[in-house]
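Protein chains in written order, with my numbering: chain G, 1 to 250; chain Y, 251 to 500; chain F, 501 to 750; chain C, 751 to 1000; chain V, 1001 to 1250; chain P, 1251 to 1500; chain R, 1501 to 1750; chain H, 1751 to 2000.
Honestly, the hints are just simulated from the structure, not real lab data. Backbone N, C-alpha and C fix where the C-beta goes; we use that ideal spot for every residue, glycine too. Check before you lean on any hint, since a few could be wrong.
Unchecked claim - One-sided and incomplete, this derived list gives chain C residues near chain F with beta-carbon spacing under 10 Å:
#1 940
#2 957
#3 958
Stated by the list, open to error - A short list of chain R residues far from chain P (calculated; beta carbon distances all over 12 Å):
#4 1595
#5 1614
#6 1630
#7 1683
Said to hold, decoys possible - Mimicking DSS-like on lysine-lysine, the simulated pairs with C-alpha atoms at most 30 Å apart in a straight line are:
#8 G:116 - G:71
#9 C:866 - G:120
#10 G:75 - G:120
#11 R:1622 - H:1866
#12 R:1561 - G:61
#13 G:116 - C:870
#14 Y:370 - F:616
Protein chains: 8
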Amino acid sequence: MPLDANSIRRLLEQVSSGKLSPDDAVEKLRHLPFEDLGFAKVDHHRDLRTGMPEVVFSPGKTPAQVAEIFKRLAKHAPNVLATRASQEQFSAVRKIVRGARFEEGARAIVLRRDRKVYGKGKISVISAGTSDIPVAEEAALTADLMGNTVERIYDVGVAGIHRLLAHRRAISQSRVAIVCAGMEGALPSVVGGLVGVPVIAVPTSVGYGAAFQGMAALLGMMNSCASNVSVVNIDNGFGAGYVASLINRL
Amino acid sequence: MPLDANSIRRLLEQVSSGKLSPDDAVEKLRHLPFEDLGFAKVDHHRDLRTGMPEVVFSPGKTPAQVAEIFKRLAKHAPNVLATRASQEQFSAVRKIVRGARFEEGARAIVLRRDRKVYGKGKISVISAGTSDIPVAEEAALTADLMGNTVERIYDVGVAGIHRLLAHRRAISQSRVAIVCAGMEGALPSVVGGLVGVPVIAVPTSVGYGAAFQGMAALLGMMNSCASNVSVVNIDNGFGAGYVASLINRL
Amino acid sequence: MPLDANSIRRLLEQVSSGKLSPDDAVEKLRHLPFEDLGFAKVDHHRDLRTGMPEVVFSPGKTPAQVAEIFKRLAKHAPNVLATRASQEQFSAVRKIVRGARFEEGARAIVLRRDRKVYGKGKISVISAGTSDIPVAEEAALTADLMGNTVERIYDVGVAGIHRLLAHRRAISQSRVAIVCAGMEGALPSVVGGLVGVPVIAVPTSVGYGAAFQGMAALLGMMNSCASNVSVVNIDNGFGAGYVASLINRL
Amino acid sequence: MPLDANSIRRLLEQVSSGKLSPDDAVEKLRHLPFEDLGFAKVDHHRDLRTGMPEVVFSPGKTPAQVAEIFKRLAKHAPNVLATRASQEQFSAVRKIVRGARFEEGARAIVLRRDRKVYGKGKISVISAGTSDIPVAEEAALTADLMGNTVERIYDVGVAGIHRLLAHRRAISQSRVAIVCAGMEGALPSVVGGLVGVPVIAVPTSVGYGAAFQGMAALLGMMNSCASNVSVVNIDNGFGAGYVASLINRL
Amino acid sequence: MPLDANSIRRLLEQVSSGKLSPDDAVEKLRHLPFEDLGFAKVDHHRDLRTGMPEVVFSPGKTPAQVAEIFKRLAKHAPNVLATRASQEQFSAVRKIVRGARFEEGARAIVLRRDRKVYGKGKISVISAGTSDIPVAEEAALTADLMGNTVERIYDVGVAGIHRLLAHRRAISQSRVAIVCAGMEGALPSVVGGLVGVPVIAVPTSVGYGAAFQGMAALLGMMNSCASNVSVVNIDNGFGAGYVASLINRL
Amino acid sequence: MPLDANSIRRLLEQVSSGKLSPDDAVEKLRHLPFEDLGFAKVDHHRDLRTGMPEVVFSPGKTPAQVAEIFKRLAKHAPNVLATRASQEQFSAVRKIVRGARFEEGARAIVLRRDRKVYGKGKISVISAGTSDIPVAEEAALTADLMGNTVERIYDVGVAGIHRLLAHRRAISQSRVAIVCAGMEGALPSVVGGLVGVPVIAVPTSVGYGAAFQGMAALLGMMNSCASNVSVVNIDNGFGAGYVASLINRL
Amino acid sequence: MPLDANSIRRLLEQVSSGKLSPDDAVEKLRHLPFEDLGFAKVDHHRDLRTGMPEVVFSPGKTPAQVAEIFKRLAKHAPNVLATRASQEQFSAVRKIVRGARFEEGARAIVLRRDRKVYGKGKISVISAGTSDIPVAEEAALTADLMGNTVERIYDVGVAGIHRLLAHRRAISQSRVAIVCAGMEGALPSVVGGLVGVPVIAVPTSVGYGAAFQGMAALLGMMNSCASNVSVVNIDNGFGAGYVASLINRL
Amino acid sequence: MPLDANSIRRLLEQVSSGKLSPDDAVEKLRHLPFEDLGFAKVDHHRDLRTGMPEVVFSPGKTPAQVAEIFKRLAKHAPNVLATRASQEQFSAVRKIVRGARFEEGARAIVLRRDRKVYGKGKISVISAGTSDIPVAEEAALTADLMGNTVERIYDVGVAGIHRLLAHRRAISQSRVAIVCAGMEGALPSVVGGLVGVPVIAVPTSVGYGAAFQGMAALLGMMNSCASNVSVVNIDNGFGAGYVASLINRL
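Please construct the entire structure, taking both the sequences and the accompanying hints into account.
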């Protein structure tokens, strides 16, 4: 017997009309598999989700597919983000979604209609080298779209530690820091040691040879000697921006 | 507001007494997070679970811990199985669980009180070498405890293919075959090609050097050129016996 | 001395004519290497194979090669399947095999002439994300071609567990479930815990970075905490559909 | 010329007495390598560090070494934590540090003198299986020592999803969740999908065979399909507790 | 219908007595699964196997088990070899097998009763370092037991190339060379370049750190720039000795 | 002082003329680094090398480069082989080397002027699947060019063991067998168990997913349970043909 | 309060004018975060850096980007190097940087205006095979640009050890040797054993199959049995040239 | 004809006595395999080797074996070093080698009779954490034994960058720096960026979980963004000390 809101209503009408005692009704409900209680699927995160963009991961999708998904998402959310998008995919989106913009640095298509600030403080987005910037920009853009003040601190890799030190104050004044690095992935440890805020580390696939497309950086970050570091997937700027945004709303 | 069976009953009583209309009750229910509907946690597999043993994985547990868990499980299920157990763990179990037995070949402690046959046919348990037998015995014992007829065919590795061929008929007459092999893990492919029944492959950690504790066998089995092979974890005789038992009940 | 059917016949004629005693004939046969008994190559699975499609793996083959193989197979089997095929390969097949169809979702070329139902129940094919659908479709199509009723349940990944829960009843009513997932590959464990039927897990190469082309999902599935899960190769929708079909015929 | 506070003072005295012009003094300072400015080594995190325990990682150290380090740390910090400690190491500590306690579940030695609450909300610590509890307890104890309210939710692995669902409300009411899981490491993804709070995932070395001492769980968590998940090292309960505490103070 | 030698005899008697025509008998035989022709299991390698020792792999077996297996093998073969054996295992063997000897250098128990020379030339066994000698000795002992003249050339690693060059003549006068090396495993390439004979390379688990228990050596040998090199498993001295012996008998 | 044949001659002339005593000359020679004795660089393998082709590995070279190298080698050796060559590379070769031929199956360019038979017996070249044939053909062509009789036995993978068994006699009559297999790489073990000749195993990169470009096959072959198997690099048909040819000349 | 040279000057002026006592000034300075002392960022390596080229890593950059960076670097340094550059990238550079040259062998764009010799001796650059030459050339070019005398010794792989031995004297007369090798990466060990100078080993990605893009060579070199070998990243000819140049200046 | 010094002398005597012309003698010499010229094995590095200690790697050797080897080496070299030695091994050495000392910090047995300084400057030995000190001490001790001035700078890991900065001057004043670090292995990059001297990086096996016994540190160091870093094997303090000593003698 399929069970849905109508079934429940009928059962309650039987109770109301005295055809069914409350105890019998409880018993009947007790044996129903809960997942058929379709109406119970409340959106758990309603409040938390306010201001969250809808997101589409673009690689492997045709421009038409990206555009179609983007348009559909734009109906439900004020802000929409298509990550790792190409200029071609943007061309398709632009034709059917008014207001969509291409962020070249972050390789992303963006629709931004809600510009409210939800984050309570600043998020620092730090990159080791210039090649890590696209990942850092994806993180920064995500945090930006989710209503955060973002400070970008780029090209401060560990082989020139003074460049980083010059930014210690700025980083320690943010509520959470995102650190993107490829190759040996050492920057999050150094940042984590310099400041006391939570650090979200993003290994990037920058490097060659024994960098193994980011695996060396990922392993380095997992083994960080700084205790305030946690890690997301290789090149996952979006995930880092998302986690940092959640933290900055607390 | 915490919600449980009592809450539901009270709500239904309000409906029954006319204090709440059915529509309002539906609306109230609609917004309750379902997981608080504690009474809805029915046991989904009631029928399928009949005859399933309760199981404890023994490594890393003290004899006292194994004994205590074993005893508790023995209250709810007629058959109990402690896998990868030691003689010491058994000594502790035996003192407090009447009827527990040690199966040395399978390195397991067993309590068997339900001896009904649930499987519709025979399960073949095949091992490549003599070193694979403990894993094969764990599979065979699991299938046995779950009410299956089991035929053991051991030491029929691919380097002596005639030993295996002599058993082709027996294997093809079973409804499902479990094949345990370490080293290069080639036996499931050969068995899979010989017979048309589903083959559950179990890589074992038998071997040395480039066997990498079963990784070579696991990779070999994942790449089987026979289409009727699926694979469980290294040394997971219990899992193979369990899956095979489910299949044999169909 | 090469031995074939003619040799055997001659030997039997000697027995028939009294030139050779039965005992001597037995002795002669005893020392012949059996593989020369060419006529003994019976097809072992005649019955089991009924309804099985012939299959060709298309990657790396030219359109002409696929077409030629497809045509040859179509002479021996009513149903033929070319997996991971391109539109170009299909164009070549269509010209020489009447009735061949291209299944875009499953990236497969299909010839279906035997539409008999061989499976005793339903096979659920479940996918975690939309990107896993091509693999799931390959599994579903394989099961369909092999005479099974298939129920597709797509886009029910673990990050939105309610979508999956809404389908628990449907899955538990199938005789076997195929679960396709990339990235962390967690879905088979959750499905395996929800229902009591055998689960065939298919890791997909969906994901990036530390997904390592499906290796993360494969390892996750091998370590499933649900006991009713076994695993096939990365992206091997065909294998999963084949194993499930064998199980569903039991 | 070694430069320290005294040197600076002398330089300033020369300025004060008119022997050195301010411009010349600036010039002199300009060419000093900054790291010799020893007095500049301020403690950057003074405020953030309040309530942070001092920590010692016990494995590989003799009981005497652990005791000595523990005693020294106890002089500077009100709370001290020795992780992964043995009963023997505790015996040595107890003799020379008054008030030290052994937390068997977390395998840790603890000295707690500052019991102030620094966290603004609750931290949930969740474990998949009972074998993951020592890691979870290390996380919980760390968070507790750092002045947080901790709610433990154990043994809610994905193969029995209803056990987890029953705790959804509790988890979503915490400000941050720590999720410990071995084997396939799927729990963080499911938790991450259920609630909107930041999730710190801890892969554990629980499992065998293809679990590869936690590598399978780590890879699974890195590839989580839930966007609010970040990951720390295998078995690193301390790191997770530390990061969560930092977040909970924001 | 089970079919064995008796069944065949009965069938032949029917032919003999005229009850069955030769053609009908052929037809009947044609449809029998050949593996039931138990009598056809001739030993294929009878000739080649002459002089081959029977072998038992000792690790993981109790002294009693090794002794029992050794004794049983000693009944069928003049020469028996237990590899990777301990002194304890030898003590057990010695009590029940007369003439068994312990070869400490090769960590092997040996029974040698057939001392005939089967090999046509000399086999060189070469080791890179002194730590590789146990593996080299296992290879040398195996070749020796199989009736070959063996020349040992030890401690001629590539970092002191002159030591090796001094033996070039000796190596090039052998019919096959076995080369054992751990660490970077470079020796087989150098030997392969110096002489024109087939080289069997044995990676050993000698080394530490990035040697990964022989994996570095194995990979090095697989990639040898010398074309006359083939490779066996890590530490597999027995396999190398066996392959070389087969080659030396040609 | 650079030392060469002229220097030696001058030294000897001094001895001849009595200007230098033999003892002093010995002393002088004793301290010369031998590598300067340029005239000592005899070709060690003169005899063994007779009939060996010169070889060029084509990938990554321009057609012009392949042609130039091929032409140069053709001046010194009667037989020349360019492996893994393209049609384009062959077009360039053909223009400047008379008699060069393209072997499409083996993807090789061949110049054959010495057709003498050097091998004493037959070499079997066996492939598991049709996709392994290019590698097998490279092996067969190499052996053929080096003056061996080659028997090709293709498409006899372990999932259809009867196809292989039908060739047991042929294989056991060869002096050495080359076995090429991808995916799980099980065929060498089965062949090794069937026959007593040395088996050279060639893992191929055939397969997908967990085949890892031949790594699964390589590991399987390294762990072969048959003692007569040694292994060359993934797809290294040339190496296998070369080793087998050396063995067949013994 | 932002602090810079001006702030310091003002503070010193207060001291000078008697408004601030030296002790108070020390106290004020003590609490300033040092990284704001911008003037302290002296260039540490001023002397050592003389003659060092500025470098750009070209892959993944557009011709325009390479040209722009190259031009900017050319303003600050007499010598500029763009590694792994293409002809297209050079065409763009040539248009805007007078004097830039393309070194085809090293795949590099070079601007050389400082031709002073800084190295005290010779650097040997050695390659195993011809395919390793581009990496060796990158190392040689780097060393050359940094003012060193370079001796190239190419194609002296270990499979033809005599070619290498003929160069022993030359290598031992250099102050440092760079050794580039792919496949098994054995050459650095042999060179390290032949000469007593520091050896910088460069694994190259030359090879196929189990070479794993240089990983086999890297592991081999890490495990070198010669004690004078250290290793840089796969294909990192630039790094090797740089390290060797630093050593040669000592 | 075996050829040695005597043969050469006889040949020269024939020249001297006029029985053989110089030209014929040259011709005779030309065809002798050079490796038989035993007298040519001069010690190439005589000068460089002065002051080098003889070394024995102790693990896996019995105390008696270590003692015996140590004693033998002590006959040929003034300084002897046994690395990774135990107290037990030292006890055995001390009994038979007068003057041997145990260096507990470096886990080494040392005999030092030559105390001359061979290095031209200072070698810095730097460690990230206290757990890395045994490896650092092995490096320092090696350099010390080889006649270098060593400056130890310990416990200056990247998570507390100020501790390291305080030592910048000291490090930049050394001629070569050795940097030992486990976990993420980030320290060599930071040191490499701070100073212009050659840096020898030593990954240590310190860490747990995803540290993989030093593999994470090794990969990190291979990918160092500082160009003056080269790497030795995991825990290879001896190798680092040896390479640094060679450099410091230049």
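Now for the hints, and whether the structure bears them out:
1. 940: This hint holds: residue 940 of chain C lies near chain F, its Cβ roughly 5 Å from the closest one there, short of 10 Å.
2. 957: holds, 5 Å
3. 958: holds, 9 Å
4. 1595: Correct as stated: the minimum Cβ-Cβ distance to chain P is 27 Å, above 12 Å.
5. 1614: holds, 34 Å
6. 1630: For residue 1630 of chain R, whose nearest Cβ neighbour in chain P is about 9 Å away, the distance does not exceed 12 Å, so it is violated.
7. 1683: violated, 9 Å
8. G:116 - G:71: Answer holds: residue 116 of chain G to residue 71 of chain G is near 22 Å, not above 30 Å.
9. C:866 - G:120: Roughly 25 Å between the alpha carbons, so the hint for residue 866 of chain C and residue 120 of chain G holds.
10. G:75 - G:120: Satisfied, since the Cα-Cα distance of roughly 28 Å is no more than 30 Å.
11. R:1622 - H:1866: Cα-Cα ~27 Å, so holds.
12. R:1561 - G:61: holds, 25 Å
13. G:116 - C:870: holds, 24 Å
14. Y:370 - F:616: holds, 24 Å
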